[in-house]
Amino acid sequence: MSSLPANRANTLKAAFRVCDVAPLVSNRDIERYYVNLSKVRKTEAINTIKTRLSFLEPAEFCSLLFTGHRGCGKSTELRKIQQEWESQYKVIYIEADAELDILDAEYTDLYLVIIKKVADVLYTSELNFDAKLLNNFESWFKEITQETEQTVERSVSIGAEAEAGIKIPFLSKLLGKIQAQIKGADKQRKTVRQNLQKDIGRLQADINLLLGDAFVKLKSKYPEYEKGFLIIKEFI
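The numbering of the sequence shown is the working numbering, which starts it at 9 and goes up by one.
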């Protein structure tokens, strides 16, 4: 949408470009094209989300489901929510179709996506997880997946690190490799999921500990994000 012409359309080609029905993504596009339809359609769902986000205390957790048929404007409304709350929350926007095989996804897959995104945000913000928590998680993960430092390193090209502009942390490399395996062949995907399911309680507990630590680290350096992380997961 950012490539749309700045002026009103005066040719068929320009009109075609302006009528692109893709979700509004950037703040510029939202400011330019967003239309408040509250007078002609129900807005209870959107208002409920805003109220809950407003009433939440720092680090308090909740999950909200925002649903509707394809093309009804879910993605645009979610981007609008992101724009309105990014001054109080560190927003992580996850486009699930880019991260997961949404036709064959399990909740464990989503756990991995979330913790990898949070880890990436911390490292790009020059923050680190608590060393003991991180070591415990990585050690357990390597044990159940039979991965090692060497096998993970071989799966990440030098070009990928150069493109990222930073040295990719081991946790991100490890989770990235596991995610790729889940999106790969059926047999490989089944094996990885079975390994994770062997001790799903440990996986959940460790991720919650890391998320709690991430909130503390984020708030200590960026007090403006007083409420912590706002993770928006978009399923088209």
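Bear in mind the hints are in silico, worked out from the structure with no lab data behind them. Some hints could be false.
To be verified - DSS-like cross-link-like pairs, simulated, lysine-lysine; straight-line CA separation at most 30 Å:
{"#": "1", "residue 1": "Lys124", "residue 2": "Lys235"}
{"#": "2", "residue 1": "Lys150", "residue 2": "Lys181"}
{"#": "3", "residue 1": "Lys150", "residue 2": "Lys185"}
{"#": "4", "residue 1": "Lys50", "residue 2": "Lys235"}
{"#": "5", "residue 1": "Lys50", "residue 2": "Lys124"}
{"#": "6", "residue 1": "Lys195", "residue 2": "Lys206"}
{"#": "7", "residue 1": "Lys58", "residue 2": "Lys235"}
{"#": "8", "residue 1": "Lys82", "residue 2": "Lys140"}
{"#": "9", "residue 1": "Lys124", "residue 2": "Lys229"}
{"#": "10", "residue 1": "Lys21", "residue 2": "Lys125"}
{"#": "11", "residue 1": "Lys235", "residue 2": "Lys206"}
{"#": "12", "residue 1": "Lys140", "residue 2": "Lys195"}
{"#": "13", "residue 1": "Lys229", "residue 2": "Lys140"}
{"#": "14", "residue 1": "Lys21", "residue 2": "Lys50"}
{"#": "15", "residue 1": "Lys124", "residue 2": "Lys175"}
{"#": "16", "residue 1": "Lys227", "residue 2": "Lys88"}
{"#": "17", "residue 1": "Lys195", "residue 2": "Lys58"}
{"#": "18", "residue 1": "Lys150", "residue 2": "Lys175"}
{"#": "19", "residue 1": "Lys47", "residue 2": "Lys241"}
Here the structure is a predicted model, which is why all the values come from computation and not from measurement.
Evaluated hints:
{"no.": "1", "hint": "Lys124 x Lys235", "verdict": "holds (20 Å)"}
{"no.": "2", "hint": "Lys150 x Lys181", "verdict": "holds (12 Å)"}
{"no.": "3", "hint": "Lys150 x Lys185", "verdict": "holds (12 Å)"}
{"no.": "4", "hint": "Lys50 x Lys235", "verdict": "holds (28 Å)"}
{"no.": "5", "hint": "Lys50 x Lys124", "verdict": "violated (36 Å)"}
{"no.": "6", "hint": "Lys195 x Lys206", "verdict": "holds (17 Å)"}
{"no.": "7", "hint": "Lys58 x Lys235", "verdict": "holds (14 Å)"}
{"no.": "8", "hint": "Lys82 x Lys140", "verdict": "violated (40 Å)"}
{"no.": "9", "hint": "Lys124 x Lys229", "verdict": "holds (20 Å)"}
{"no.": "10", "hint": "Lys21 x Lys125", "verdict": "violated (38 Å)"}
{"no.": "11", "hint": "Lys235 x Lys206", "verdict": "violated (33 Å)"}
{"no.": "12", "hint": "Lys140 x Lys195", "verdict": "violated (33 Å)"}
{"no.": "13", "hint": "Lys229 x Lys140", "verdict": "holds (20 Å)"}
{"no.": "14", "hint": "Lys21 x Lys50", "verdict": "violated (34 Å)"}
{"no.": "15", "hint": "Lys124 x Lys175", "verdict": "holds (15 Å)"}
{"no.": "16", "hint": "Lys227 x Lys88", "verdict": "holds (24 Å)"}
{"no.": "17", "hint": "Lys195 x Lys58", "verdict": "violated (42 Å)"}
{"no.": "18", "hint": "Lys150 x Lys175", "verdict": "holds (20 Å)"}
{"no.": "19", "hint": "Lys47 x Lys241", "verdict": "holds (27 Å)"}
Of the numbered hints given earlier, the model fails hints 5, 8, 10, 11, 12, 14 and 17; all others are met.
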